[in-house]
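Number of protein chains: 2
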Amino acid sequence: MIAGQADMALVAEAENGEQALSAFRAHQPDITLMDVRMPTMGGIDAITAIRAEFPAARIIVLTTYEGDAQALRAIKAGAAGYLLKSMLRKELVETIRSVHAGRRRIAADIASELAEHVADDELTVRERDVLALVAVGNANKEVAARMGISEETVKTHMKNVLTKLGARDRTHAVVVALKRGIIDI
Amino acid sequence: MIAGQADMALVAEAENGEQALSAFRAHQPDITLMDVRMPTMGGIDAITAIRAEFPAARIIVLTTYEGDAQALRAIKAGAAGYLLKSMLRKELVETIRSVHAGRRRIAADIASELAEHVADDELTVRERDVLALVAVGNANKEVAARMGISEETVKTHMKNVLTKLGARDRTHAVVVALKRGIIDI
DNA sequence: AGGCCGCTCCCTCTTTCGGGGGATGCCGCC
DNA sequence: GGCGGCATCCCCCGAAAGAGGGAGCGGCCT
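Line by line, the protein sequences are chains A and B.
Be aware that the first sequence starts at 1, since it is given in the working numbering, and climbs by one per residue.
Be aware that the second sequence starts at 1, since it is given in the working numbering, and climbs by one per residue.
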């Protein structure tokens with residue numbers, strides 16, 4: 001599709017983050033389209049690595065819906081664009097031209113979700129760790145044992161998680177966190 | 001990509017299930033590629049509708065990972081192939097030729113997942129209803145009120161759900177059901 | 001007609017959750 | 001050097017959850 005545009009050329013393709021990095025070194029493309037879900041090295045890490053070596057790199061994330069937290073991570077890593085695979089071809093080429101011209105382009109759905117949560121506190125590392133263990137069926141006591149902390153501390157973390165995510169109980173909290181891309185299973 | 005194959009031609013495209021059905025009527029293609037996530041009419045319903053009118057229709061589902069339950073529904077609806085969007089182009093064209101020749105083709109990952117769960121009891125309608133309400137943070141008592149049944153019945157359904165899904169608690173059950181495509185949020 | 005299955009309801013009892021409260025030590029930032 | 005954020009731990013307590021049981025009823029298939 002890209003090769004079909006008069007003003008574009010497809011110079012390289014990669015199957016994972018490491019290949020992406022070495023392909024970037026070899027070709028130094030004007031624009032890079034990046035998937036976030038890749039084996040061996042995720043897209044976010046690949047963006048970070050590429051931008052560390054080439055701060056001017058213009059990277060557009062192209063992915064299926066993964067939640068606002070995922071998008072936020074990509075943008076913080078230096079992505080200049082964020083698109084969903086469900087979008088039309090026209091939007092893709094427009095975004096490529098737009099980013100090439102130096103602008104940022106975040107898909108409207110993602111942008112509005114990001115906006116919804118800008119005021120929210122993000123979960124801390126420990127809170128995410130606790131929630132991830134809760135998601136796979138661990139009781140507070142089991143989470144405590146696995147993390148080497150007291151059950152009381154786990155309860156404190158969970159209380160914070162419920163408040164921050166606006167969840168009604170632990171089950172709801174896990175669902176919200178999965179939808180928003182805060183935790184992965 | 002398809003138009004680039006010597007033995008293939010792209011005859012129509014649709015944005016939702018209804019368009020897919022009328023486009024099918026108009027063109028009656030040898031092979032149909034179907035996404036499951038579409039607005040207004042889902043892919044599964046579209047497959048059912050098309051196969052009701054054209055029992056010989058050969059439909060390949062092409063989707064992102066949605067769990068084995070989703071795939072099972074598609075196959076029961078009459079899909080002849082099931083592929084993941086993450087797969088390589090080569091596999092896609094091979095599958096198209098294969099299905100055109102009358103064979104069935106289910107992606108290996110999906111096939112092994114389906115195989116894992118063939119022996120399992122599926123959830124009943126009520127069990128899924130209960131679980132869906134639990135997923136959004138309802139306590140048993142609230143689920144009971146919403147469904148117009150007693151809390152004891154809700155507990156019975158949840159007991160069955162935990163057993164059937166092999167889950168450790170309600171939170172785990174929801175995560176398993178989401179992963180397997182048994183419920184959607 | 002009998003049996004299976006899904007849906008419904010009931011009881012008991014222990015464990016776990018979740019909402020309050022408060023407190024302490026550490027670390028980085030201004 | 002103080003202040004905020006994070007992580008840790010503690011107490012109380014009512015309400016849920018979940019693991020046991022058992023049981024009736026209606027529909028569907030054989």
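Bear in mind the hints are in silico, worked out from the structure with no lab data behind them.
One thing to keep in mind: the hints can contain errors.
Chain copies aren't distinguished; within one or between two, either way the pair holds.
In silico lysine-lysine, DSSO-like type, Cα no more than 30 Å apart, as pairs [to be verified]:
hint, residue 1, residue 2
1, 141, 85
2, 159, 90
3, 141, 90
4, 76, 164
5, 85, 179
6, 141, 76
7, 85, 155
8, 155, 90
9, 90, 76
The hints, checked one at a time:
| no. | hint | result |
| --- | --- | --- |
| 1 | 141 <-> 85 | neither (41 Å within a copy, 40 Å between copies) |
| 2 | 159 <-> 90 | neither (45 Å within a copy, 49 Å between copies) |
| 3 | 141 <-> 90 | neither (52 Å within a copy, 49 Å between copies) |
| 4 | 76 <-> 164 | within (21 Å within a copy, 41 Å between copies) |
| 5 | 85 <-> 179 | both (17 Å within a copy, 20 Å between copies) |
| 6 | 141 <-> 76 | neither (35 Å within a copy, 42 Å between copies) |
| 7 | 85 <-> 155 | neither (39 Å within a copy, 40 Å between copies) |
| 8 | 155 <-> 90 | neither (49 Å within a copy, 50 Å between copies) |
| 9 | 90 <-> 76 | within (26 Å within a copy, 35 Å between copies) |
Hint violations for this structure: numbers 1, 2, 3, 6, 7, 8, all remaining hints satisfied.
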